[in-house]
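Chains as they are written, first to last, in full-length UniProt numbering: chain Y, 1 to 70; chain Z, 1 to 70; chain P, 1 to 70; chain X, 1 to 70; chain W, 1 to 70; chain V, 1 to 70.
Watch out, some of these pointers could steer you wrong.
Identical chains blur together in the list; that is why a pair holds if it fits in one copy or across any two.
Using 25 Å as the maximum straight-line C-alpha spacing, the simulated SDA-like pairs for lysine to any residue come out as follows [stated by the list, open to error]:
| hint | residue 1 | residue 2 |
| --- | --- | --- |
| 1 | K18 | D54 |
| 2 | K2 | K18 |
| 3 | K26 | K53 |
| 4 | K18 | M1 |
| 5 | K26 | P51 |
| 6 | K2 | G67 |
| 7 | K12 | I29 |
| 8 | K2 | T56 |
| 9 | K26 | E42 |
| 10 | K18 | E50 |
| 11 | K12 | G48 |
| 12 | K26 | G52 |
| 13 | K18 | G70 |
| 14 | K18 | E69 |
Derived from the structure by calculation, the hints contain no laboratory data.
Protein chains: 6
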Amino acid sequence: MKMSIRNQITGKVVSVTKGEAMATVKVEIVGGHTLTSSITRESADDLGLEPGKDVTVLVKSTDVALGVEG
Amino acid sequence: MKMSIRNQITGKVVSVTKGEAMATVKVEIVGGHTLTSSITRESADDLGLEPGKDVTVLVKSTDVALGVEG
Amino acid sequence: MKMSIRNQITGKVVSVTKGEAMATVKVEIVGGHTLTSSITRESADDLGLEPGKDVTVLVKSTDVALGVEG
Amino acid sequence: MKMSIRNQITGKVVSVTKGEAMATVKVEIVGGHTLTSSITRESADDLGLEPGKDVTVLVKSTDVALGVEG
Amino acid sequence: MKMSIRNQITGKVVSVTKGEAMATVKVEIVGGHTLTSSITRESADDLGLEPGKDVTVLVKSTDVALGVEG
Amino acid sequence: MKMSIRNQITGKVVSVTKGEAMATVKVEIVGGHTLTSSITRESADDLGLEPGKDVTVLVKSTDVALGVEG
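Using the sequences and the hints, build the whole thing.
And the structure:
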């Protein structure tokens, strides 16, 4: 499926912290950056997320803010 | 200011497309990725965004989804 | 790609209103509901969105609020 | 109150999973679709959400992405 | 309708800037703060938004980030 | 850092409820309003959030909806 979601970056899961309702997933992408994703616990289970798994990070453009120094 | 916003990646503005109410900003980050940000036209003007300008991309964790192949 | 995005509903594009930076897309889903999506103008062009086209509506669970009467 | 929130669909709660901070609520809407909502635990308690309760699902247009096949 | 949306603040519209697809609305709330809302042009028209009109600002908790100095 | 995030309001933390993955933070701002923020547990820990701490509430304009009476 081709999506309107402009930001798609491939990476590898570093850690998964599961709560009852939500899960926090750390993903390492190129350049040494580690991104954080907050998804439902159900999604983390359904996708079988665990350290080392290849994933694609998805972010809608309207959710991307910008900052400049000074 | 230290922020709860977990995802902060530095990059450089590639292009700015301005509409009346909104602006679409393309930012190149490390690894050859280009991210897209949709912000208000006012913000684009206030931050003086233009090609070549250094910026930090900001994304709240709850806005980061994940996908896996297969 | 299997995604963490829990809400995926198929529908058909009813209308596309394009601005310089953003586009508003109306999608009719089952049950007579018409959903509204605000995406970048670029995405609307890239996906070739036009009335009659089949699409899948995608919404992350953290973006879904609820209301009750009374 | 009339709201700018374009997407409002009525449904019925199917399940509520409560964590300490957040809750995941499943809502069945027309056409056999089940939507997932991630709200604060506090909201789930305040609204008295439980299976069988009638609710309205609310989604802002800027949070609605689209996908097309192929 | 009672909503899961935790943040509801009353205010008065200060200005409305309309584009083809989106509109930017400035709302003055108590304490001298002016908030900015980006909604669809359609919503701005439907709600009859114009300077001086009383409105309620609505923000889902998952969209609220925090920062601390130092 | 100067940010595109239009809505920035200073306040004081009233309470912090921590789950495994997420935390709910209540912040009192001017005018007697109390705002609710849902952030990762990690962010709440990193920022050292606790009752009485000064914080800045941050909300992107695209996450601000509006309502009118009648």
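Between K26 and E42, at a C-alpha cutoff of 25 Å, which is it: within one copy, between copies, both, or neither?
Both ways: K26 and E42 sit 16 Å apart in one copy and 11 Å across, limit 25 Å.
Between the shortest in-copy and the shortest cross-copy C-alpha distance, which are at most 25 Å for K12 and I29: within, between, both, or neither?
Close inside one copy (7 Å) and across copies (18 Å); limit 25 Å.
Using 25 Å as the alpha-carbon threshold, which applies to K2 and K18: within, between, both, or neither?
So K2 and K18 pass the 25 Å test across copies only (19 Å; inside, 30 Å).
Cα distance capped at 25 Å. Does K18 pair with G70 within a copy, between copies, both, or neither?
Classified as between; 23 Å across copies, 38 Å inside a copy.
If the cutoff is 25 Å on CA atoms, where do K18 and M1 land: within, between, both or neither? Let me know, please.
between (28 Å within a copy, 22 Å between copies)
Quick one: K2 to T56, C-alpha cut-off 25 Å, is that within a copy, between copies, both, or neither?
Answer is both: 14 Å inside a copy and 10 Å across each meet the 25 Å cutoff.
Between copies, within a copy, both or neither: which fits K18 and E69 at Cα up to 25 Å?
Between copies, since 22 Å is at most 25 Å while 35 Å is not.
25 Å Cα threshold - placement of G67 relative to K2
Intra 29 Å, inter 5 Å, cutoff 25 Å: inter-copy only.
Using 25 Å as the alpha carbon limit, work out where K18 and E50 are close: within a copy, between copies, both or neither.
Result: close both inside a copy and across copies, 11 Å intra and 23 Å inter.
For K26 vs P51, is the C-alpha pair at or below 25 Å within one copy, between two copies, both, or neither?
within (9 Å within a copy, 28 Å between copies)
If the cutoff is 25 Å on CA atoms, where do K26 and K53 land: within, between, both or neither? Let me know, please.
Answer is within; shortest intra-copy Cα gap is 11 Å, inter-copy 27 Å.
Is it within, between, both, or neither for K26 and G52, if the alpha carbons may be no more than 25 Å apart?
Answer is within: at 11 Å inside a copy they meet the 25 Å cutoff, but 30 Å across does not.
This entry satisfies every hint, going by the numbered hints stated previously.
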